[in-house]
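Trainee: Residues per chain are reported as follows:
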Amino acid sequence: DAGITQSPRHKVTETGTPVTLRCHQTENHRYMYWYRQDPGHGLRLIHYSYGVKDTDKGEVSDGYSVSRSKTEDFLLTLESATSSQTSVYFCAITNRAHEQFFGPGTRLTVL
Amino acid sequence: ELKVEQNPLFLSMQEGKNYTIYCNYSTTSDRLYWYRQDPGKSLESLFVLLSNGAVKQEGRLMASLDTKARLSTLHITAAVHDLSATYFCAVDSGAGSYQLTFGKGTKLSVIP
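Line order of the protein sequences matches chains A and B. Counting from 1, one number per residue, gives the positions in the first sequence under the numbering used here. Counting from 1001, one number per residue, gives the positions in the second sequence under the numbering used here.
Do not take every clue at face value.
No more than 30 Å apart at the CA atoms, straight line, and that leaves these computed lysine-lysine pairs for DSSO-like [said to hold, decoys possible]:
1) B:LYS1104 with B:LYS1003
2) B:LYS1104 with A:LYS57
3) B:LYS1003 with A:LYS57
4) A:LYS57 with B:LYS1068
5) B:LYS1068 with A:LYS70
6) A:LYS11 with A:LYS70
7) B:LYS1104 with A:LYS11
8) A:LYS57 with B:LYS1041
Think of the hints as simulated: they come from the structure by calculation, not from any bench.
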């Protein structure tokens, strides 16, 4: 599992509240990612990081921000959650062999 | 903008039969990934194809990459029920940092 954990694993929140999802890795990988998965869309990249404090936008970054203050942690924040952000969120890492592995996922419901 | 298309999106096949899933992509890339996802679970890495002509096999699954045709195939040999899952291909956009663009997935059902 490449040592990736996500927390929380499930969350229900209300529209307009801030939400932060955490991704933690134990193997010192440089590259980390946040994706969302929705029926009929496959996975779509939200943001990614290529080092501490180095992040950039992906395909669907509107409404999301990220931070990476330590190698092992990559945080995804929804500043003001909306119902359209109800989804399953996956964190991923890429290792030196170019393989990209995924965390267990966080199911977020915004009411 | 990179687009990734998988065909078919749904596949129902009998045990013991062979079939191929196709993954076409729209711009040049030398890295292509295949994943398996079971319902309610995360993605499991199956193959990483890193060059033109790459072929990898694991059990009843074999993946290949033709970068000139912008095509990868996932071939299933003598399907068994345990292979029932959704299979995704993903292509490295080439923009750096291994940013992947995913196909919509192929939901495979293997019927006894």
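Trainee: Now tell me if each hint is right for this structure.
Mentor: Here's how the hints hold up against the structure:
This hinted pair checks out: B:LYS1104 and B:LYS1003 have alpha carbons roughly 10 Å apart, not beyond 30 Å. Restraint check for B:LYS1104 and A:LYS57: the C-alpha separation of about 21 Å stays at or below 30 Å, so the hint holds. Between B:LYS1003 and A:LYS57, the direct Cα distance comes to roughly 18 Å. Compliance with the 30 Å bound is thereby established for this hinted pair. Restraint check for A:LYS57 and B:LYS1068: satisfied, since their Cα atoms lie roughly 29 Å apart, inside the 30 Å limit.
Between B:LYS1068 and A:LYS70 the alpha-carbon distance is near 40 Å, which puts this suggested pair outside the 30 Å criterion. About 24 Å separates the Cα atoms of A:LYS11 and A:LYS70, which keeps this hinted pair within 30 Å; it holds. A C-alpha spacing of about 25 Å is found between B:LYS1104 and A:LYS11, which places the hinted pair at or below 30 Å, so the restraint holds. The straight-line distance between the Cα atoms of A:LYS57 and B:LYS1041 is roughly 26 Å, inside the 30 Å bound, and the hint therefore holds.
Taken one by one, the earlier hints fail for this structure only at number 5.
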